[in-house]
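Turn these sequences into a full structure, and let the hints steer you where they fit.
Residue strings, one per chain:
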Amino acid sequence: MTYLTDDPIDAAALVRTVMRPTDGAYVLFEGVVRNHHEGKAVESIFYDAYRPMAEKEIDAIVRHLEALYPAAALTVVHRLGRLIVGDSSIAIVAAAPHRAEAFEACRNMIDLIKEKVPIWKKERGPDGEEWVGWQGQC
Amino acid sequence: MTYLTDDPIDAAALVRTVMRPTDGAYVLFEGVVRNHHEGKAVESIFYDAYRPMAEKEIDAIVRHLEALYPAAALTVVHRLGRLIVGDSSIAIVAAAPHRAEAFEACRNMIDLIKEKVPIWKKERGPDGEEWVGWQGQC
Amino acid sequence: MPSMKVHLLFFAVLRDMTGTGQKDLVLEAGTTARQVWQSLRAQYGQLAAFTQPPMVAINESYAAPDTVLRDGDQLAFIPPVAGG
Amino acid sequence: MPSMKVHLLFFAVLRDMTGTGQKDLVLEAGTTARQVWQSLRAQYGQLAAFTQPPMVAINESYAAPDTVLRDGDQLAFIPPVAGG
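Residue numbers (our numbering), protein chains in the order written: chain A, 1 to 138; chain B, 1 to 138; chain C, 1 to 84; chain D, 1 to 84.
To be clear, the hints were calculated from the coordinates, so they are not data collected in a lab. Since the model is a prediction, treat every value here as computed from it, not as a measurement. Just so it is clear, CB atoms sit at the ideal spot from N, CA and C, and this is done for glycine as well. Be aware that a few hints might be false.
[As the list claims (entries may be wrong)] Here are the computed lysine-lysine pairs in the DSSO-like style, where the Cα-Cα straight-line distance is at most 30 Å:
#: 1; chain 1: A; residue 1: K40; chain 2: C; residue 2: K5
#: 2; chain 1: A; residue 1: K116; chain 2: C; residue 2: K23
#: 3; chain 1: B; residue 1: K40; chain 2: D; residue 2: K23
#: 4; chain 1: A; residue 1: K40; chain 2: A; residue 2: K114
#: 5; chain 1: D; residue 1: K5; chain 2: B; residue 2: K40
#: 6; chain 1: D; residue 1: K23; chain 2: B; residue 2: K114
#: 7; chain 1: A; residue 1: K56; chain 2: A; residue 2: K122
[As the list claims (entries may be wrong)] A few chain C residues facing chain A, derived, Cβ under 7 Å:
#: 8; residue: W37
#: 9; residue: I58
#: 10; residue: A63
#: 11; residue: D66
#: 12; residue: I78
#: 13; residue: P79
#: 14; residue: G83
[To be verified] What the simulated footprint calls covered on chain A by chain C, stretch by stretch (three residues with Cβ under 8 Å from a Cβ of chain C suffice, anywhere in the stretch; the number is not a length):
#: 15; stretch: 12–26
#: 16; stretch: 51–65
#: 17; stretch: 101–114
#: 18; stretch: 118–131
Below is the structure:
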């Protein structure tokens, strides 16, 4: 139960930890720091988290999806700290005997993580820094 | 326009060829030889193709999806020859500024390739060999 | 009225606004998370406009803002999340 | 009646059944892909049961079985595909 890391993500290694000889497919999703957000240039992002709670919330999502897609094998790593354009912030792998479950479990996982896990990002660009999502309202 | 290979697929290298600084996500799909098919044990698969036509058909699918998902960057490699359990037969990468397009383009690509491209597989297991899909009917 | 201790954590924009990551509070028994938020608004000018608290977490789980706190609780206000 | 040459390709299960990957045909002008399939059925016992041809490709593109072949065409019958 260590879904958070301060180090670069090795997606290929993550895939190897998941695949079983019964799996006919896997889907890997990586979220990557891009050079723009809502029309503004982005140079880097600082990811902050409420770490113990984030670990618990991610674990709850993994268990929920394992129950929903019993044939799938799932894993996820989220990186924290300062990332630059091109760095991966998250990698999710969903392996399954058939591709439909792999796609659905992977897509479902990133959607739930973005919705529920206490992780935040502060974007830095030529115009300064800003916490994403805090637009003067809670 | 070389979508077919006789060599092992390097998915990480494929991802690197696709990603642009504007991309916030990519989805990688790999099809992998699994150890079973319709209840039978599988040890290896031989992939055959009508190579020049397969190249054209894959290219047409890529162009179709590029038109459907203009923000996405897409690529695909299909391996031919004899593959053993755990080997990847196909890798598809769809990168995009936002994840929805990456997921949809990738899923759409594998579905279309499985439907349209003249590639065949002969499964080998303890009970012998069989061409998949040729169940005594055309 | 008996008092209790609550450990308050700040993250992200709230840590920047308050200038701290944590704070020990001594509260009257019966105090809710929402009431803690109101006292923070009085204390930090940048929060004054936020009449409604963000999401609330008590002991590392989401909780309703009107949950009554208990002695030893760890309380956090969760700004809109942006992981992934 | 004038004749034409057509290059016929076999893949996968059809290559195994016919024991060859290709074949040069000399056909009467006006022959269709479907008619070529019927002559193959007469020639190869394992195909006799298949009254309908598989998918047809002419010059590396899918075509209707009743397409009239032309001199120099490359013809292939495409068994059910199973890529990916």
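- Below or equal to 30 Å on CA atoms is what counts here, so check K40/A against K114/A. holds (21 Å)
- Does the alpha-carbon distance linking K116/A and K23/C stay inside the 30 Å limit? holds (24 Å)
- Message: Hinted pair, alpha-carbon criterion (30 Å max): K5/D, K40/B. Please report holds or violated.
- Response: violated (43 Å)
- Message: Between the alpha carbons of K56/A and K122/A, is the straight-line distance 30 Å or under?
- Response: holds (23 Å)
- Per the CB criterion, is A63/C less than 7 Å away from chain A? Violated: closest Cβ of chain A sits about 11 Å from A63/C, beyond 7 Å.
- When the nearest CB of chain A is found for I78/C, is that gap smaller than 7 Å? holds (5 Å)
- CA of K40/A to CA of K5/C, is that 30 Å or under? Violated: K40/A and K5/C sit about 43 Å apart, past 30 Å.
- Return the status of the interface hint for I58/C: holds when the least beta-carbon distance to chain A is below 7 Å, violated otherwise. violated (10 Å)
- Agreement of K23/D and K114/B with the hint, judged by alpha carbon distance not exceeding 30 Å: Given that 30 Å is the threshold and the Cα spacing comes to 28 Å, the pair holds.
- Establish whether the coverage given for the stretch 51–65 of chain A by chain C is satisfied; the threshold is a Cβ-Cβ distance below 8 Å, and no fewer than three residues must meet it. holds (count 4)
- Task: Report holds or violated for the interface hint on D66/C, using the least CB-CB distance to chain A and a cut-off of 7 Å.
- Result: Result: violated, 15 Å to nearest chain A Cβ.
- Take the stretch 118–131 of chain A, compare each residue's beta carbon with every beta carbon of chain C, and decide whether three or more fall closer than 8 Å. holds (count 6)
The structure fails hints 1, 3, 5, 8, 9, 10, 11 and 15 (numbered hints given earlier, in ascending order).
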